[in-house]
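In terms of our numbering, the sequence shown opens at residue 719 and continues consecutively.
What the hints contain is simulated information worked out from the structure, not anything from laboratory work. Please note: incorrect hints may appear among the correct ones.
Said to hold, decoys possible - Cut-off 16 Å, straight-line C-alpha distance, at most; resulting in silico cross-link-like pairs (EDC-like, lysine to aspartate or glutamate):
(1) K893 - D883
(2) K842 - D883
(3) K896 - D883
(4) K770 - E808
(5) K851 - D883
(6) K907 - D852
(7) K770 - E806
(8) K893 - E821
(9) K896 - E821
(10) K770 - E813
(11) K893 - E823
All of these numbers come straight from a predicted model, not from anything done at the bench.
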Amino acid sequence: MSVLCGAMLASLSGCVAFVAGGAVSGTLAATDRRTFGAQTEDRAIEVKGQIKANNVTGDAGHTNINSFNRRALVTGEVRDEAMKAAVERELRSIEGVVDVINELEIAGPSSYTSRSSDTIITTKVKASLVDAKDISANSYQVTTERGVVYLQGRVTQREGQIGADIARGVSGVMKVVKVFEYISEEEWKSYQPKPAHAPAPSNS
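Please construct the entire structure, taking both the sequences and the accompanying hints into account.
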């Protein structure tokens with residue numbers, strides 16, 4: 719597994735890690751609106767999906783796989799429609815994948831400069847989400863490809879619109895595509911921290 723992960727990290731992706739460090743990652747995992755099992759499966763889907771996609775495209779394409787709640791988003795560039803369909807077919811064959819959002823473009827692989835710019839945009843969008851006062855940044859997954867920002871996550875319609883508006887306000891963003899799984903306001907309330915109860919007064 720370490721070899722596979724190393725191979726993936728060697729390729730510059732349009733999406734960068736949001737946090738670093740076991741303690742912080744553990745905290746975010748605990749507040750994630752996915753189940754722990756879904757989070758684990760998503761990581762496996764991304765690793766397996768990237769390997770399968772690379773096997774299909776070789777040097778004739780460039781792909782990024784980002785999975786959220788077992789819904790795999792694939793972005794990047796491929797040579798033709800046949801290759802685009804082949805990548806999607808490989809992703810759907812992975813155990814646990816419930817859907818594939820195929821956003822591949824028919825074009826030559828993006829340049830290093832373009833991918834570097836996408837990484838910067840992703841970082842800026844995530845920082846802007848963290849700065850927002852009325853949403854939880856951990857509810858969003860951000861991917862940028864050729865200046866197009868893709869937003870994934872389990873959010874309410876209200877949160878989805880706020881997140882999209884924030885992303886649109888970031889310099890360099892050409893377009894925002896919402897790939898959310900929407901939840902109700904009632905379900906949203908179940909994720910909110912419960913107020914701490916004050917200790918009972920002492921009789922002494």
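Results of checking the hints against the structure:
1. K893 - D883: Holds. K893 to D883 sits at ~11 Å (cutoff 16 Å).
2. K842 - D883: 14 Å, holds
3. K896 - D883: Roughly 11 Å between the alpha carbons, so the hint for K896 and D883 holds.
4. K770 - E808: 6 Å, holds
5. K851 - D883: 14 Å, holds
6. K907 - D852: Status holds; Cα separation ~13 Å.
7. K770 - E806: Roughly 10 Å between the alpha carbons, so the hint for K770 and E806 holds.
8. K893 - E821: Roughly 13 Å between the alpha carbons, so the hint for K893 and E821 holds.
9. K896 - E821: Distance of about 12 Å is within 16 Å: holds.
10. K770 - E813: 13 Å, holds
11. K893 - E823: Holds, at roughly 15 Å.
When each numbered hint is compared with the structure, no violation occurs for any of them.
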